[in-house]
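As a plain string of letters, each chain reads:
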Amino acid sequence: MRGRTRRFLLPPWWFAAPALLVYAVVVLYPSGAGVVYAFTDWTGIGDWSFTGFDNFGKLWSDDAARGSLINTLLLTVAIVLVQNGIGLLLALGVHARIKSRALLRVVFFAPAVVSPVMVAFLWKYVYNPAPDEGLNGLLGAVGLGGWRQDWLGNPDLALWSVAFMVVWQFAGYSMVIFLAGLESVPDNLVEAAMIDGAGRWQRFRHVTWPLLAPAVTVNIMLSTIGGLKLFDQVYAATNGGPGYASETLSTVLYKQAFVFGNYGYSTAIALVLALFVAAVSLVQVHFLRGREVTLA
Amino acid sequence: MTIGRLNRRGFLALTGGLAATAGLAACGGSGSDDGLKLIGVADQKKALDELTKAYGKVSFNTSYAPTDQVQSSVRTQLGAGNAPDIHVVYPGNGSAMSMVQISDANLLADLSDQAWTKKIPDGFKAAYQNKGKTYIFAAGSSVIGAIYNKKVFTEVGVQPPTTWPEFLAVCEKIKQAGKVPIALGAQTQWVTQLITYALVPSTVYAKDPDFDKQMAAGKASFADSGWVDALEMYLDLQKRGYFNDNPNGTTFEQQTSMVGTGKAAMAIQVSAVLPDFRKAADGADDLSMFVVPGADKADDVWIPAGIVVGLGISARSKKLADAKKFIEFLGEQKNINAWSEAVACVPFVRDSSSKIDPVLEPFLPFMENNKAVPFMDQAWPNAEVQPAHFAVVQELLGGKTTIPDALAKLDQTYRKS
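Top to bottom, those sequences are chains A and B.
For reference, each letter of the first sequence is one residue, going 1 to 296 in my numbering.
For reference, each letter of the second sequence is one residue, going 1001 to 1417 in my numbering.
Don't read these hints as lab results, they were simulated from the structure.
Certain hints may be false.
As the list claims (entries may be wrong) - Below, computed lysine-lysine pairings styled on DSSO-like, alpha-carbon distance capped at 27 Å:
| no. | chain 1 | residue 1 | chain 2 | residue 2 |
| --- | --- | --- | --- | --- |
| 1 | B | K1319 | B | K1119 |
| 2 | B | K1213 | B | K1125 |
| 3 | B | K1219 | B | K1150 |
| 4 | B | K1263 | A | K124 |
| 5 | B | K1173 | B | K1151 |
| 6 | B | K1179 | A | K124 |
| 7 | B | K1150 | B | K1133 |
| 8 | B | K1175 | B | K1297 |
| 9 | B | K1118 | B | K1297 |
| 10 | B | K1239 | B | K1045 |
| 11 | A | K124 | B | K1279 |
| 12 | B | K1355 | B | K1279 |
| 13 | B | K1325 | B | K1037 |
| 14 | A | K124 | B | K1324 |
| 15 | B | K1416 | A | K58 |
| 16 | B | K1045 | B | K1119 |
| 17 | B | K1175 | B | K1046 |
| 18 | B | K1045 | A | K58 |
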């Protein structure tokens, strides 16, 4: 009887047909076609032929692609750790009962709503290598002239300068997610721990932190995906340079398609990147969900 | 319930109406006559604004964008079969939007029956023609040389040099006077190539004018040619402290401003960007150009002179006849002159009415005496060699690679196709 009612209440499947059709045309078909092109030598214009797994073989032996994979992984690890670390500290800071905390929340979150390209251009000014400009000028003014650097022009530094720029922009975003997590930690649990004599660190470590696990899962997953796909900021700030020092998988696949005209190869890189992101996300979710606790 | 039904009906009517309107608008877009569609690069805007207005026979729907954006958007449109009637094309080969690459895919209309094509000098044919047919209109050639601030030269008491030792001596004097001899904005990637391009005509082509043919035949290599000398000279300038600090972190805009304001004495640049330098200077007359002497004897100096970015017609254009008539119009001498003046280039064919920017005069004897070679990338077989050159120069400036490794990388990239 119950089952029948439920079935009666379910709308017929074809109600979803228009939406599915649009989804199929706009998302599924292009993605599927993209997968096909990954196995061809398409140049974006003219004829093409199937080349089997050649593009994937090339990806394996291509120095630039391998270098960019390493850069992408380094960037991702740096961004995930630093962005979420700072995000958590900011969240704990503005969660406390301090003056103007609403204003501070807005200030910290503000960069996240600016276009990444704008942020990159802004930071290009900050990273101006001239000794009396931007960050170098500031370092000079506070007596740290010896720390002046060619932030984006030094091949050893460029990648980390880009990473810092991304962290600056999105730490506030992580903060908001952690804040949402902190809001859901019941005050009575914290108070109970306090009455039991738990200090500030112990309360955080044994009460807040375990209950923050869902926010940690979301933050780590979002920043990992963001890091692996990083394109705008790198493209606008360094265009992968100097040399290949800050090239990421996304800038390589963009250049392969739109600068070199190797659409087939570029699609193969995109496919590998998509599968890689999916795999990393699945593994992360599996492990992080495992450590989430619920209030029974 | 009634309200619900009305809402649903209203919603359906609204979405249906919107869809129908969108559909009609789309049909209207393809069917209506909104003139010849033209997409160019930003550098062409000034010339084309003037010439499309002067033409007056058809209306135009024009848009302009920076090189990298145009490269990706027009090529995508070409692939999808909806390219604009007239669009930017790069001369010769060597980039994804170059004449050879697009005409090989049968996407450019043959312009060989137009009168101006008969006047293309032999030395420039490779830039305009593929397999004997002309596919691109371009007004003339720009040169690469030193754009210098005359005030700084007068202040320091130096004259434009004519040999490499003189060039080094001039730089030394400027450095001693506390100015930056050469501004280099190598963070902007295309800027990295210009010093090599300024030197290679003297170190490679003056000795072996057929170098490109030998490269194509696999009988020569970058690593075993005058390219080694050119890169050694490039890095020697850095070692002697003749560049600004941190060239890899300095942009083209900073480079122009350094020369314009007299903080630096010169920049090795392409004449097409003279307008940018003039904007940065107090007065346009503060700046002039000289040939970068890449050889120890003045007689052995050759220069790079490359055909400027041009226009082609989409082979699938529905308005092929109209588009061809406009290109025929551009090929008239007075229009070639007008375009050349707008972009500060030397017209590929000249008459008494051709006005050449006076700062380009030192370059003309080289062009007349066949001591000028096209920009190197225009003869390269694929679009990857030029970006590889940008990258290795940045790595050399950053001390991350050696000249033999850099040139081996270029050779490897050249042989990819």
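Hints, one by one, checked against the model:
1. B:K1319 - B:K1119: 26 Å, holds
2. B:K1213 - B:K1125: Given that 27 Å is the threshold and the Cα spacing comes to 14 Å, the pair holds.
3. B:K1219 - B:K1150: It is violated: about 44 Å lies between the C-alpha atoms, which goes past 27 Å.
4. B:K1263 - A:K124: 21 Å, holds
5. B:K1173 - B:K1151: OK: B:K1173 and B:K1151 at ~15 Å, within 27 Å.
6. B:K1179 - A:K124: Holds, at about 25 Å.
7. B:K1150 - B:K1133: Since the Cα atoms of B:K1150 and B:K1133 sit roughly 44 Å apart, the hinted pair is violated (cutoff 27 Å).
8. B:K1175 - B:K1297: 24 Å, holds
9. B:K1118 - B:K1297: Violated, at about 36 Å.
10. B:K1239 - B:K1045: This hinted pair is violated, its Cα atoms lying about 40 Å apart.
11. A:K124 - B:K1279: 22 Å, holds
12. B:K1355 - B:K1279: 21 Å, holds
13. B:K1325 - B:K1037: Given that 27 Å is the threshold and the Cα spacing comes to 14 Å, the pair holds.
14. A:K124 - B:K1324: 44 Å, violated
15. B:K1416 - A:K58: 12 Å, holds
16. B:K1045 - B:K1119: Roughly 25 Å between the alpha carbons, so the hint for B:K1045 and B:K1119 holds.
17. B:K1175 - B:K1046: 37 Å, violated
18. B:K1045 - A:K58: 40 Å, violated
When the structure is compared with the earlier hints, violations turn up for hints 3, 7, 9, 10, 14, 17 and 18 and for no others.
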